[in-house]
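Asker: Each chain is listed here by its residues.
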Amino acid sequence: MPLSRREFLHLAAASGLGVVVLGASRPAPASSNAAGTTGMGVLIDIARCIGCRSCEAACKAYHGFPAGESDDLGPQAWTYVKVAPLTTPKPHLNLGADGASRRSIKVQCMHCADPACASACPVAALRKAPQGPVTYDPGRCLGCRYCMVACPFQVPRFEWHKALPEIRKCNMCAERQAAGKIPACVEACPMEALQFGPRDHLLAEAARRIAGDRARYVPAIYGAEEAGGTSILYVSDVPFEELGFPAVVREPLPAFTWRALGKIPGLVVALGATLTVVEAIVRRRMAVQGEEGARR
Amino acid sequence: MRMPRLRMRRSGVALWLLVLGGAAAALARYIWGLGAVTNLSDRFPWGLWIGFDVMSGVALAAGGFTIAATVHIFKLERYHGLLRPAALTGFLGYLLVIAALLIDLGRPWNIWHPLVMWNSHSVMFEVAWCVMLYTLVLALEFGQVVLHRLRLWTLLRITRLALPPLVIAGVLLSTLHQSSLGSLFLIAPGKLHPLWYTPWLPALFFISAVAVGLSVVTLEAILAARAFRHPLELRQLVDLSRATIVVLSLYLGMKVIDLAVRGVWPHVLASGVEDAMFLIELGAGVALPLVLLSLNHFSRSPTGLAVTSALVVGGVVLNRLNVAITGMLAGSRAAYVPAWTEVLITLAIVAGGLLVYRWIMEHLPIMDPHAAPEGPAARWSASP
Numbered sequence: 004m005p006l007s008r009r010e011f012l013h014l015a016a017a018s019g020l021g022v023v024v025l026g027a028s029r030p031a032p033a034s035s036n037a038a039g040t041t042g043m044g045v046l047i048d049i050a051r052c053i054g055c056r057s058c059e060a061a062c063k064a065y066h067g068f069p070a071g072e073s074d075d076l077g078p079q080a081w082t083y084v085k086v087a088p089l090t091t092p093k094p095h096l097n098l099g100a101d102g103a104s105r106r107s108i109k110v111q112c113m114h115c116a117d118p119a120c121a122s123a124c125p126v127a128a129l130r131k132a133p134q135g136p137v138t139y140d141p142g143r144c145l146g147c148r149y150c151m152v153a154c155p156f157q158v159p160r161f162e163w164h165k166a167l168p169e170i171r172k173c174n175m176c177a178e179r180q181a182a183g184k185i186p187a188c189v190e191a192c193p194m195e196a197l198q199f200g201p202r203d204h205l206l207a208e209a210a211r212r213i214a215g216d217r218a219r220y221v222p223a224i225y226g227a228e229e230a231g232g233t234s235i236l237y238v239s240d241v242p243f244e245e246l247g248f249p250a251v252v253r254e255p256l257p258a259f260t261w262r263a264l265g266k267i268p269g270l271v272v273a274l275g276a277t278l279t280v281v282e283a284i285v286r287r288r289m290a291v292q293g294e295e296g297a298r299r
Numbered sequence: 030m031r032m033p034r035l036r037m038r039r040s041g042v043a044l045w046l047l048v049l050g051g052a053a054a055a056l057a058r059y060i061w062g063l064g065a066v067t068n069l070s071d072r073f074p075w076g077l078w079i080g081f082d083v084m085s086g087v088a089l090a091a092g093g094f095t096i097a098a099t100v101h102i103f104k105l106e107r108y109h110g111l112l113r114p115a116a117l118t119g120f121l122g123y124l125l126v127i128a129a130l131l132i133d134l135g136r137p138w139n140i141w142h143p144l145v146m147w148n149s150h151s152v153m154f155e156v157a158w159c160v161m162l163y164t165l166v167l168a169l170e171f172g173q174v175v176l177h178r179l180r181l182w183t184l185l186r187i188t189r190l191a192l193p194p195l196v197i198a199g200v201l202l203s204t205l206h207q208s209s210l211g212s213l214f215l216i217a218p219g220k221l222h223p224l225w226y227t228p229w230l231p232a233l234f235f236i237s238a239v240a241v242g243l244s245v246v247t248l249e250a251i252l253a254a255r256a257f258r259h260p261l262e263l264r265q266l267v268d269l270s271r272a273t274i275v276v277l278s279l280y281l282g283m284k285v286i287d288l289a290v291r292g293v294w295p296h297v298l299a300s301g302v303e304d305a306m307f308l309i310e311l312g313a314g315v316a317l318p319l320v321l322l323s324l325n326h327f328s329r330s331p332t333g334l335a336v337t338s339a340l341v342v343g344g345v346v347l348n349r350l351n352v353a354i355t356g357m358l359a360g361s362r363a364a365y366v367p368a369w370t371e372v373l374i375t376l377a378i379v380a381g382g383l384l385v386y387r388w389i390m391e392h393l394p395i396m397d398p399h400a401a402p403e404g405p406a407a408r409w410s411a412s413p
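Line order of the protein sequences matches chains A and B.
Numbering-wise (our numbering), the first sequence opens with residue 4 and increments by one.
Numbering-wise (our numbering), the second sequence opens with residue 30 and increments by one.
Derived by calculation from the structure, the hints in this document are not laboratory data.
The structure displayed is predicted, hence computed values, not measured ones.
Any given hint could turn out to be false.
Only pairs whose alpha carbons sit at most 20 Å apart, straight line, appear in this in silico SDA-like list of lysine to any residue [unchecked claim]: (1) A:K93 / A:A64; (2) A:K165 / B:A52; (3) A:K165 / B:I140; (4) B:K104 / A:V281; (5) A:K93 / A:A50; (6) B:K104 / A:G296; (7) B:K104 / A:V285; (8) A:K165 / B:A55; (9) A:K184 / A:Y65; (10) B:K104 / B:R271; (11) B:K104 / A:K93; (12) A:K85 / A:D74; (13) A:K165 / B:K104; (14) A:K165 / B:L56; (15) A:K165 / A:G67; (16) B:K104 / A:T279; (17) A:K85 / B:D71.
With these hints in hand, go ahead and build the complete structure from the sequences.
Answerer: So, in structure tokens, the structure goes:
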């Protein structure tokens with residue numbers, strides 16, 4: 004989230020004008036909520052997913068990563084399929100009793116509307132594109148790994164065993180999208196468990212699916228509000244907590260640090276003025292005392 | 030006279046061995062990556078180096094701005110003698126932090142990028158600017174000592190005029206920097222344990238930094254007087270410890286109120302690792318020194334002051350380690366114990382700092398700021 008010209012002017016003006024402007028809390032980074040709702044996203048239907056891992060294979064093939072099944076995200080595994088065993092078996096939509104004991108969950112970057120990683124990055128190496136993807140520019144990155152600390156979904160990966168490491172994560176196939184194509188994983192799904200489209204359409208589709216089969220789907224869309232909303236959305240026939248989805252605050256995470264950061268210009272002006280005045284007063288008083296001492 | 034010199038030399042050898050060992054480990058890190066020498070992982074990307082070398086290091090360097098503000102802004106001239114040691118600790122501390130960052134950053138060749146690539150929504154951006162600007166301020170403040178040593182009196186007199194604004198800038202930057210290290214963790218409400226996660230984190234970091242800054246200056250004055258056989262101006266340190274009591278009480282009060290307001294008291298009495306660490310931090314690092322400092326006979330002896338200062342230092346270091354490591358483990362669903370090479374590099378950075386400190390103490394007029402141009406005059410009053 005680089006500083007836009009307008010925001011910069013606003014900030015500069017506020018720091019010049021002092022405390023009054025900043026006392027009133029500025030809104031959380033206004034930049035990208037709109038981008039998240041208008042941009043593209045992916046709807047993942049856990050009820051439909053049969054765990055074939057075609058998406059994972061397509062991702063690796065497209066990005067030139069070594070083939071094979073991963074059991075976690077990695078520098079060369081931008082998505083993988085996690086198997087979550089169920090405590091109480093529930094027949095699977097497509098596999099029936101065969102798939103009752105577990106669910107398969109495709110895991111990747113959630114592409115938040117207002118990403119913690121992008122707000123955390125000191126040099127704006129991570130950015131939310133208006134089209135939806137959160138992308139990474141290694142040319143800017145200094146490897147501080149604050150993005151990894153900030154991400155509530157623990158997505159960004161670091162190349163721990165490289166001399167010239169980078170942060171690595173799913174980019175929602177931004178370059179394919181730019182060429183008018185859909186993400187490789189979505190293209191590969193044989194079960195229509197993955198659907199690519201404008202996020203607001205996907206939200207409507209998710210609601211439609213839940214409403215259409217209330218007996219099966221849990222009445223929740225993971226990603227609708229998590230961390231302020233994400234471009235990746237999940238619907239499921241098993242409660243998300245049971246599948247191990249992290250419980251994430253509803254408020255966009257950048258707002259938490261902005262509440263402190265937004266006070267800085269006011270603090271600088273107020274403290275700077277106070278110290279200057281105190282220094283001047285004390286100096287003057289000492290000078291007066293010195294004169295009086297001399298007179299006596 | 031011979032014995033101490035010999036001991037010095039032997040400790041010097043040990044320090045140099047640590048520095049060499051750390052350099053070898055750092056070399057391995059640059060060749061094979063951070064994974065070769067650390068136990069850091071994707072779920073736990075920050076460890077000992079951020080918790081101790083950077084976060085504790087910055088806090089311990091806070092004596093620089095507290096003493097500078099006391100003398101140059103509030104004009105409490107009786108603390109003048111502490112100015113140079115404090116500026117030295119601050120400057121050296123920040124240089125060590127930068128050294129640690131050059132090892133910890135994954136892509137250190139881009140360390141200058143925040144200068145030209147801005148993201149004002151990032152706390153790390155603020156941290157980066159504070160480190161750069163305040164190191165510059167400390168260099169200019171410390172440059173006074175060098176000018177003194179080089180006997181450039183005219184230049185010294187001219188630059189002295191720039192000191193008050195420079196000191197004010199230093200206080201501002203330190204306030205921002207100390208607090209921003211706490212703000213860093215505000216973005217991780219789901220990861221940092223509720224004992225430490227509070228919107229007050231920036232304020233608590235700042236206040237504890239002031240307390241530990243005073244304690245480091247006190248401890249340093251006592252140890253340096255012993256090691257370099259300078260007379261100790263005890264009354265000054267006793268007065269300073271009164272300020273420490275005030276700041277430390279404020280810190281304790283804020284912590285207690287914060288726990289009460291957020292209703293996390295039950296956590297304190299639970300039996301997890303976090304709760305134990307929190308109790309040690311607050312008990313041994315804040316409450317105990319407060320009690321000891323209010324015992325009159327104890328807080329008026331060099332040993333008593335050294336012990337309480339050491340406790341405060343330990344408490345603040347533990348607080349930073351708890352925020353960066355202990356409190357983050359469970360929420361990150363991670364396990365982390367620093368690798369021996371991480372510990373070695375940390376020790377090497379501390380050892381390097383001690384070697385530079387000793388060299389500067391022996392070659393620059395740190396302990397005697399009132400020295401006349403002709404040479405060091407004996408203006409140090411003996412302890413009362």
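Asker: Work down the list of hints and note, for each, if the structure agrees.
Answerer: Hint check:
{"no.": "1", "hint": "A:K93 / A:A64", "verdict": "violated, 33 Å"}
{"no.": "2", "hint": "A:K165 / B:A52", "verdict": "holds, 19 Å"}
{"no.": "3", "hint": "A:K165 / B:I140", "verdict": "holds, 18 Å"}
{"no.": "4", "hint": "B:K104 / A:V281", "verdict": "holds, 10 Å"}
{"no.": "5", "hint": "A:K93 / A:A50", "verdict": "holds, 10 Å"}
{"no.": "6", "hint": "B:K104 / A:G296", "verdict": "holds, 18 Å"}
{"no.": "7", "hint": "B:K104 / A:V285", "verdict": "holds, 7 Å"}
{"no.": "8", "hint": "A:K165 / B:A55", "verdict": "holds, 14 Å"}
{"no.": "9", "hint": "A:K184 / A:Y65", "verdict": "holds, 12 Å"}
{"no.": "10", "hint": "B:K104 / B:R271", "verdict": "holds, 17 Å"}
{"no.": "11", "hint": "B:K104 / A:K93", "verdict": "violated, 75 Å"}
{"no.": "12", "hint": "A:K85 / A:D74", "verdict": "holds, 7 Å"}
{"no.": "13", "hint": "A:K165 / B:K104", "verdict": "violated, 52 Å"}
{"no.": "14", "hint": "A:K165 / B:L56", "verdict": "holds, 13 Å"}
{"no.": "15", "hint": "A:K165 / A:G67", "verdict": "holds, 18 Å"}
{"no.": "16", "hint": "B:K104 / A:T279", "verdict": "holds, 13 Å"}
{"no.": "17", "hint": "A:K85 / B:D71", "verdict": "holds, 17 Å"}
Going down the numbered hints, you'll see the structure goes against 1, 11, 13, while the others check out.
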